[in-house]
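S.K.: Protein chains in written order, with the numbering used here: chain A, 7 to 177; chain B, 2 to 114.
By construction, these hints were calculated from the structure, which means they are not laboratory data. Small disclaimer: the values here were computed from a predicted structure and weren't measured. Glycine included, each C-beta is placed from N, C-alpha and C at the ideal position. Treat the hints with care, since some could be wrong.
Claimed, not checked - Restraint-style ranges between C-beta atoms, simulated for each label pair:
{"#": "1", "chain 1": "B", "residue 1": "16", "chain 2": "A", "residue 2": "141", "range": "44 to 50 Å"}
{"#": "2", "chain 1": "B", "residue 1": "43", "chain 2": "A", "residue 2": "156", "range": "43 to 49 Å"}
{"#": "3", "chain 1": "B", "residue 1": "105", "chain 2": "A", "residue 2": "148", "range": "28 to 34 Å"}
{"#": "4", "chain 1": "B", "residue 1": "20", "chain 2": "A", "residue 2": "65", "range": "34 to 40 Å"}
{"#": "5", "chain 1": "B", "residue 1": "49", "chain 2": "A", "residue 2": "114", "range": "51 to 57 Å"}
{"#": "6", "chain 1": "B", "residue 1": "16", "chain 2": "A", "residue 2": "89", "range": "29 to 35 Å"}
{"#": "7", "chain 1": "B", "residue 1": "109", "chain 2": "A", "residue 2": "155", "range": "47 to 53 Å"}
{"#": "8", "chain 1": "A", "residue 1": "82", "chain 2": "B", "residue 2": "20", "range": "39 to 45 Å"}
{"#": "9", "chain 1": "B", "residue 1": "104", "chain 2": "A", "residue 2": "65", "range": "38 to 44 Å"}
{"#": "10", "chain 1": "A", "residue 1": "164", "chain 2": "B", "residue 2": "44", "range": "38 to 44 Å"}
{"#": "11", "chain 1": "A", "residue 1": "137", "chain 2": "B", "residue 2": "44", "range": "34 to 40 Å"}
{"#": "12", "chain 1": "B", "residue 1": "20", "chain 2": "A", "residue 2": "62", "range": "24 to 30 Å"}
Now for the letters of each chain:
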Amino acid sequence: MVASQDTGAFGELIRRHQSQVRNFLRRLTRDETLADDLAQDCFLHAWDKIHTYTGSGSFIGWLLRVAYTTFLQSKRKSKRYREIVEQAGHEAEHGPTAIEGDPAAELDVDTLMAALNEQERVIMIFSYACGLSHREISEATDMPAGTVKSIIHRAKEKIRTQFEIEDHQYG
Amino acid sequence: MADKTSDAVDRLLASAFAADPVADDGFSNRIVSKLRRRIWVNRLALPVAILVGAAFALKPAVQIVNALLPLLNAVPIEIARVPMEFLPQIQWVVLGGMAFAAGVTLVKMLEET
Numbered sequence: 007m008v009a010s011q012d013t014g015a016f017g018e019l020i021r022r023h024q025s026q027v028r029n030f031l032r033r034l035t036r037d038e039t040l041a042d043d044l045a046q047d048c049f050l051h052a053w054d055k056i057h058t059y060t061g062s063g064s065f066i067g068w069l070l071r072v073a074y075t076t077f078l079q080s081k082r083k084s085k086r087y088r089e090i091v092e093q094a095g096h097e098a099e100h101g102p103t104a105i106e107g108d109p110a111a112e113l114d115v116d117t118l119m120a121a122l123n124e125q126e127r128v129i130m131i132f133s134y135a136c137g138l139s140h141r142e143i144s145e146a147t148d149m150p151a152g153t154v155k156s157i158i159h160r161a162k163e164k165i166r167t168q169f170e171i172e173d174h175q176y177g
Numbered sequence: 002m003a004d005k006t007s008d009a010v011d012r013l014l015a016s017a018f019a020a021d022p023v024a025d026d027g028f029s030n031r032i033v034s035k036l037r038r039r040i041w042v043n044r045l046a047l048p049v050a051i052l053v054g055a056a057f058a059l060k061p062a063v064q065i066v067n068a069l070l071p072l073l074n075a076v077p078i079e080i081a082r083v084p085m086e087f088l089p090q091i092q093w094v095v096l097g098g099m100a101f102a103a104g105v106t107l108v109k110m111l112e113e114t
């Protein structure tokens with residue numbers, strides 16, 4: 007139905023997945039308005055490229071790949087987008103990385119992501135915010151699955167070390 | 002040990018990334034409307050271009066035909082007379098083409114609705 011350019015069926019797909027796509031882009035950009043603009047572009051691109059979805063992986067995995075590509079393209083093309091995204095990255099990299107007293111006491115996503123570089127942040131968002139498998143992340147980012155695994159492992163180690171997380175916590 | 006520690010980080014990340022679903026609030030409908038507009042623009046682009054092109058080409062085409070008409074005098078009258086009665090004039094050919102393009106567009110619109 008969708009492959010035959012049925013806007014009604016595609017609208018149903020948008021309703022089903024918009025929350026995940028917008029959340030993903032909000033995590034990446036840390037700007038709701040920008041994320042929603044990108045989400046709109048993402049769904050328009052998805053409409054144009056729907057014939058490339060072969061059904062071999064999950065649809066949301068494919069859609070998030072389109073969203074990530076849209077994000078990267080906008081970052082390259084638009085000065086405004088680039089400024090907002092760079093500002094977000096700068097804040098994440100130079101934001102509060104240590105909390106007085108218990109380092110793991112008030113950890114939110116921004117604080118945790120501040121410990122990681124951009125590539126690690128993207129992979130962790132795919133993995134933990136979107137729940138994609140290593141294979142799906144590998145497809146979305148054009149990285150070998152082994153590289154994805156090692157980036158996740160390295161990012162987790164960074165978080166564990168920086169925030170002194172013990173194995174009994176967060177049980 | 003390392004695995005258990007990783008599990009704690011996993012749990013921390015899972016809870017930190019837990020987010021409420023984003024309310025649709027007309028987001029999906031806006032995109033579908035935009036898509037439908039875009040589809041119509043794409044469908045109308047070619048017929049409109051044909052109509053505009055035909056409108057611009059009409060006058061020069063008529064002038065060319067008028068300029069060529071004297072050449073018909075070179076054709077023996079017995080040969081020219083009968084076919085000329087049946088040949089449509091250039092204005093009718095162009096108008097017919099435009100009507101055909103408009104008809105195709107109308108049919109596509111009816112199919113969509």
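S.K.: Work down the list of hints and note, for each, if the structure agrees.
M.R.: Quick rundown of the hints versus the structure:
The beta-carbon spacing between residue 16(B) and residue 141(A), approximately 25 Å, falls outside the hinted interval of 44 to 50 Å. In this structure the hint that residue 43(B) and residue 156(A) lie 43 to 49 Å apart at CB holds, the actual value being about 45 Å. At roughly 43 Å, the beta carbons of residue 105(B) and residue 148(A) sit outside the given window of 28 to 34 Å. Look at residue 20(B) against residue 65(A): about 20 Å separates their beta carbons, and that is not inside 34 to 40 Å.
As the Cβ distance of residue 49(B) to residue 114(A) is approximately 53 Å, the hint placing it in 51 to 57 Å holds. At about 32 Å, the beta-carbon gap between residue 16(B) and residue 89(A) stays in the expected band of 29 to 35 Å. Taking 47 to 53 Å as the suggested C-beta distance range, the pair residue 109(B) and residue 155(A) conforms, at roughly 51 Å. Evaluation of the 39 to 45 Å hint for residue 82(A) and residue 20(B) yields a failure: the beta carbon distance comes to about 27 Å.
Checking the proposed 38 to 44 Å range against residue 104(B) and residue 65(A) shows it holds: the Cβ atoms sit about 39 Å from each other. Range check, residue 164(A) to residue 44(B): about 53 Å between beta-carbon atoms, so the 38 to 44 Å window is missed. The given range of 34 to 40 Å is respected by residue 137(A) and residue 44(B), whose C-beta atoms sit roughly 39 Å from each other. Checked against the hint of 24 to 30 Å, the C-beta distance between residue 20(B) and residue 62(A) comes to roughly 28 Å, which is consistent with it.
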